[in-house]
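Enquirer: Given next are the chains, with one letter for each unit.
Number of protein chains: 2
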Amino acid sequence: MKVVEFRYLGGNEVPANWRGILSNVAYRYGGELLNTSSIEVKSFNRLERKDTYNVIGIMKGEIEPDRYIVIGNHRDAWSLGSVDPTSGTATMLEITRVLGEMYKNGFRPRRSLMFCSWGAEEYGLIGSIEYIQEYVKVLGARIVSYMNLDIAVNGAYYVNIKSSPVLFDAIVKAAKMVPSAYDPDGQTVYDKWMKVHRNDITNEPKIAFGLGSASDYFGFDQIVGSSNYDATYTFNRAEHKNLSSYALYHTSYEVFSLVKKFIDPDFLAHQSMGQLTGVLALILSESPILPLNISRYAFTLKEIVNSLNTSNPNDLDPLRDAINEFSQVANEFVERSKSMDIENPYEIRLYNDQLLQLERAFLNPLGQGPNDSDMKHIIYAPSKTSTYATLGFPGITDAIVNGIRTEIVNQIAIATFFIRGASSTLKEFDKFIAT
Amino acid sequence: MKVVEFRYLGGNEVPANWRGILSNVAYRYGGELLNTSSIEVKSFNRLERKDTYNVIGIMKGEIEPDRYIVIGNHRDAWSLGSVDPTSGTATMLEITRVLGEMYKNGFRPRRSLMFCSWGAEEYGLIGSIEYIQEYVKVLGARIVSYMNLDIAVNGAYYVNIKSSPVLFDAIVKAAKMVPSAYDPDGQTVYDKWMKVHRNDITNEPKIAFGLGSASDYFGFDQIVGSSNYDATYTFNRAEHKNLSSYALYHTSYEVFSLVKKFIDPDFLAHQSMGQLTGVLALILSESPILPLNISRYAFTLKEIVNSLNTSNPNDLDPLRDAINEFSQVANEFVERSKSMDIENPYEIRLYNDQLLQLERAFLNPLGQGPNDSDMKHIIYAPSKTSTYATLGFPGITDAIVNGIRTEIVNQIAIATFFIRGASSTLKEFDKFIAT
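Residue numbers (UniProt numbering), protein chains in the order written: chain Z, 1 to 435; chain B, 1 to 435.
The set of hints was computed from the structure by calculation and includes no laboratory data. There's no promise every hint is true.
If chains are identical, the list can't say which one is meant, so a pair holds when it fits in one copy or spans any two.
Listed below are the simulated EDC-like cross-link pairs for lysine to aspartate or glutamate, each with C-alpha atoms no more than 16 Å apart in a straight line [what the hints assert, rightly or not]: (1) Lys50 <-> Glu122; (2) Lys261 <-> Glu130; (3) Lys173 <-> Asp430; (4) Lys173 <-> Glu239; (5) Lys42 <-> Glu335; (6) Lys60 <-> Glu428; (7) Lys60 <-> Asp430.
As the structure is a computational prediction, the values presented were derived from the model and not from experiment.
Given these sequences and hints, build the entire structure.
Expert: Shown next as structure tokens:
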């Protein structure tokens, strides 16, 4: 496009100090093209075969080597990628450096810590999905939690988190131990949440439940069934409501100076992200009883089902009943932990297995049908009508959009079946059968 | 059919002392109808809804209550069912009676023992499949072995066993402890095998690997993925090669006197079956290290792949390579057990989990496709071209029958994928990635 054609841009004029040297045009940004102008874009691509690599490191657990806490981040970028994914890579490498120092000083994790640097995320999550598909039997049986870094830092205002509901309390615990970047001494990531990112009804930090399909957590959510986490130190989103991401996302301007000059000049947000993710990993790897709070799932399920709008509200009754039962069973499960012999490894292990397997209980092995068999999580998964985001009960949501009642009722039956199944996994081992 | 029409039967004449009182006909059995006679059969059925029940009892394990050894048997019969299934019911009830006595005397099993009396097996395995589908998440994570009784006794010559390869050694161990019915004192079920049911090449008892779809083990094989067993005390099958089952199978003549007069007059075969199954259950429930021999699977896989006839034998190379790797990994796994700290519950538990999960590693969550998604076991399952029996690698077998090379290669790729996955589950926890 020639400069003279600036005049065809229909957006607002830029601020005075942004104007260039041409005097015969008004400098504008964005907007529609004026008149019926069109732009011809020529693309000179060629198809090439390129190899890509996942780089995986494991620090073997001393007591439970067959339970994995995984931190992962992709390594490929659309262009230079100083934010996406290098803010994540820098953060993950710093975590491995610190843990490596601890290891040299004698530290051995209780559970195994796994670090994954993925290839080809931008080309369809290829690195992580191939790895997961190849080792699904190993990973499905053993992973407690996958903690994703990707765009670890695109601002320095507060930490934005998406996770499984069961991780809520462990995340809050970690956030209380980590300083908030560029804030007064003693203010933590948690404190900042309570100031600028608080749920006013519960008076708790906002953590979004359900992750979606936008990064390497996807396969862990949908195929492995672990309880996962994704975090980004971000800008003030309330002030920039129209920005879906940071301004130079996926462009060639993702260079070091972007981060150094504009996003995180002293790298304090990077530091906090490393601390938050590292501390959370250690909370998950070192607690003899896995710090997963299943009651959070019960609470969230009730919220989700209340948000569903079926034209025949009674159609949801079986699902509501199942969720009520789940809620009661979850309470009994938590109660049981109080009389546990925490010196008995067998008791610890079997209780932890129930905690670990809860998220797996929400996986439908057949997925959302023969063409979407990888979308296995019945509560949190992209749906056909919303492929990027994550809605509660995607099958039901799709059916409601389609408006066919038999399909709605069928999807409610599937969800009810899996919630009931999840309840049975939490019951006493000789009393799991419904009465 | 009127008696006079005996003359239209084309079979052989019955022995002299079987003849009836009519003098104007030759008594015959079986054969084709002579000339072009036809028979009109009128059937007076009506569709009725009937409830059926599974009756489940659990003796909770003291140390590992979340690991189940399951004994099951159906309760419904086509008619009176003194053999199918009551020989199994009598055997299972005797096992529960004995274990109940032991319990009263203080016995507590290490793992949980579960007893299942299934309804509606004859109508399509309804009782067991419904139970399995409802509790698949619980059962899939916890069952070590399902031991099926059904036709427990239809003869008193030797015990015929079908099982997963990994149970071979535990079965042999149990068989050495149980007397062979109607044989001289001191002769065991194992001794009888070595006389009349021996594999001459290996000089070991014949145990058929793979169970099929003919009884309630089906869902445990295909959906749960436990390592299963089915046993029948049977007649001399070498002498009666033309009999696919006992003569009065599924008829109204399955009455008590059939068993008492002809099959097992002193109920010694029933007794041996109860002892064999009960002892095997205790071997499986009480051994700290699960007595599953995975090397048997490696050996068997080689046998199966050698029995496959592809027109392009090299097509099988990837599968052979995967099986060779599996074999080597299995050896290393067994080797590892020798340096295990068997006082350490965590070590026991994680090693046992690897043993337990091996059979699960052979389950393809998608089964044999959208219409056969319940046929999940890639090694032993009924195939489309043989629905009742169990062949090795049913997907490959079907593809060979169809004769389309791309389909054959595709099925070999699927099998190879799952064998490789199974190998990764057996490796060291920080070295499961292929190099």
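Enquirer: Please write out, lowest number first, the hints stated earlier that are contradicted by the structure.
Expert: 2, 3, 4, 5
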